[in-house]
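Peer 1: With the hints as a guide, bring both chains together as one complex.
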Amino acid sequence: MTLPNFGVHEDPGPSFAELADRYGLTPDFSSAAGSLDITHGTTVVACTYADGAVIAGDRRATSGNLISHRNMKKVFPSDRWSGVAIAGAAGPAIEMIRLFQLQLEHYEKLEGKPLSLEGKANQLSMMVRGNLPAAMQGMVVVPIFAGYDRRRDRGRVWAFDVTGGRYEEMNYVASGSGSLHARTVIKLAHRTDQSREEAIDLVVKALYTAADDDSATGGPDPLRGIYPVVASITSDGYAEAEESEIADRFSSYVESIHQEVAE
Amino acid sequence: MNMPFYVPPEQMMRDRADFAQKGIARGRSLVTIECADGIVLCAENPSRNLRKISEIYDRIAFAGVGKYNEYDQLRIAGIRAADLRGYTYSRDDVDAQTLANQYAQMMSQVFTHDVKPMEVEILVASVGATGADDRMFHIRYDGSVTDEDGFAALGGDAERIREALDGVDTSSMALSEALKLAVEALSGEEPLTADQLEVGFLDRGGEGRCYRRLDNDEIAELLQ
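As given, the protein sequences belong to chains A and B, one line each in that order. Each residue of the first sequence is one higher than the one before, counting from 1249 in my numbering. Each residue of the second sequence is one higher than the one before, counting from 70 in my numbering.
Extracted from the complex, chain B is given alone in its bound form (with noise of 0.2 Å):
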């Protein structure tokens, strides 16, 4: 049998952290700003079907940038505990930040633990009655959260996208003005149009199940 190499855990974290980031780097970006009409989260995503932005419950939405299969399990993972809390209590007791915690819980159990960390940038967003109430969490590769205010940004472009927003007031923009904000913010060079996009939207003023994604042309018609 051959003896294991013996590697200082700094070492050890140090080389897991860099292979996560090298792959959540090489995928596109995503941005989410809250507005006076909710929150729009914004991918730049040329798929139909391989989705980034996600229903999770009443008033809370999903983002993730990296790789997709790894992404999506979360992404079910979240739906299936808020549905399990909704029925076990009631649907006034689904929040996000529960919901953040336990994704912080798995992601830092997978990079501790597991064979390989994950490849992921995760973002829980949830819409309240007014700005103030409304919460953004990033939970990164290592399960690390922040609490995000105004807006965020994920993937590997997120530190230019950062730069770009840093300072904006959104706060009273209509969901138009804030899709428009997040798509310069977004594109590079080239302005993306819409099919190279994918938008969720929150709607604050909705009742029940809040979330609602924007087809191509309702995107095309908001961005003029």
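Isolated chain A (complex conformation) (with noise of 0.2 Å):
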């Protein structure tokens, strides 16, 4: 391959998605057919807290009645301050989280500063409406994004709908077969100004249960050691919590449970 270089009027511009297009490498899903049977992912939320935002996801593929996955990965780094995570098939959603990542880094490097958060939700909002051909034959991919505002010094989310459009919410969003249910448990105990660990609790428990009522949804898995994925975005950036550290918020919301239980 000789050295991309174009004319003043052909100059792609900061974007990859565009480059990616040139090359004729973006890739097309639109005349899949709707009756196939398509890996899904399932529910995933995101929170505000006091230093910032957490992101989380269950770790379940299903391909209609079936799991087809059960340690997907559905939580990402977007670049070093936003991470999103995706709901939906599977294939399409995993290709656009990679698009989406590169498109961020690859405009940093060609423009020498990243974009604002707000300019990567619209970037990530484009993405989705670029999908939406594809959504009509039942490739529906719907993410959710979070970040941490460096110019105003806070958490930020945002949530989509199948068209590309781009809600910021004060508090909390959730995409996902489960969402109804994870939405209802955080909407009843969000705090702004809580703690990272109390809004790790209350992803856990918002997971836990969409799980419990949604069966695409995934809960924790003790037998296998697979827990669902939480990071947090603070001024430090993104940062994936320890697997250990989730399995010991899962056992000991389990354990409440448990003495409700015998109560």
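These aren't lab readings, by the way, just hints derived from the structure by calculation.
So these bits of chain A aren't anywhere near chain B, every CB distance computed over 10 Å:
| id | residue |
| --- | --- |
| 1 | Gly1312 |
| 2 | Arg1414 |
| 3 | Glu1416 |
| 4 | Ser1425 |
| 5 | His1438 |
| 6 | Glu1488 |
| 7 | Glu1491 |
In silico lysine-lysine, DSSO-like type, Cα no more than 30 Å apart, as pairs:
| id | chain 1 | residue 1 | chain 2 | residue 2 |
| --- | --- | --- | --- | --- |
| 8 | A | Lys1361 | B | Lys136 |
| 9 | A | Lys1361 | B | Lys249 |
| 10 | B | Lys136 | B | Lys91 |
| 11 | A | Lys1435 | A | Lys1321 |
| 12 | A | Lys1321 | A | Lys1361 |
| 13 | A | Lys1453 | A | Lys1435 |
Beta carbons: idealized from backbone N, C-alpha and C, even for Gly.
Peer 2: Below, the structure written as structure tokens:
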């Protein structure tokens, strides 16, 4: 391959998606038939807390009524100060995240400074919108986005819809088949001044409840040692919580349920 | 229609080379040094915004001297090539040598075919797990590539800097030591200060994206 070099009028600018498109590298899922059993990822949530935001997702992927993966990852860093989690058709979703991560990195390198947090959310919304023809065929991808806004010094969260609609929420967002249950749990107990530990406990509880009532959402799996992925985003950047910490939070929550049942 | 005069190819190449060299000699110089902590890239650059040094990929950095718009065009092309390659294959498959060859190809094409050769010299540096794995490729205006070892000097003052650094063993130096050496070599009679310098650093011990730009405060602190 020769060095990508464009004339003044054809230059794709700082957009990697546009550049990849010139080389025919962007995937097109829109011609896939709607009746195929496609792997789906399920519940993801995010909420703000005193120092930033947490973002979390369960590990189950389903294909029709079957469980196709037990340890799928749906939560990813999109750059140093933001994270993205995805629910929906797994193939296009993973590809979208890969492209989104590269898009932010590419922009940062070309321009010498990162996009604003709002700009990042906007980029993601354009990618979701680009997926609309595929969504009409059943390949729905609906992400959530959380980040630390370094200009305003606080955590912010966004939800999206299939058409690329971008909605910033004050405190919490959720997406996927179990999102109704998860959102209700967070709604009842969320406080903006809560600590990191309280925020993690809250999303753990939300994902547990979602798994309890939604067959497509995976709960904690102590047998295989598989737990939801939880990450925090603060002024220090994106950090995934250790699996042992999440396992501890789950076992103490399960313990509290045991006691309730015993009483 | 005017008949073009016959110009012997040797003459034409020489004229083009002279033209490019004169353009490069007008600009300020740049030096890169491989040390124990990684690779330090240091340029005399009073501008805050028109940068000479940039990140290309996880362990690869770019430096250019000469005409700003021309080396910046090369920098952008390099980032695009690296990101496309990483997207198509994997992040591990992006390497400095491929990139250096691509640059050489493009610059030699411009040198022989375009109206005017590029008035730039560039460097592609990649930091390895150990000093033995470090790579630095110096690519000149005509597309000729040299594989540099230990240090590299680019720009009008390159000869003088090369003489100053020749024979110095930098392999066990820390970042601050290597930066001091680089600044010393770059400086003329007056030593350069932090606000006249642009410094990039490829961190050997880093994970993922290992490049970072040092700000003025950090440069001043390291030079103390």
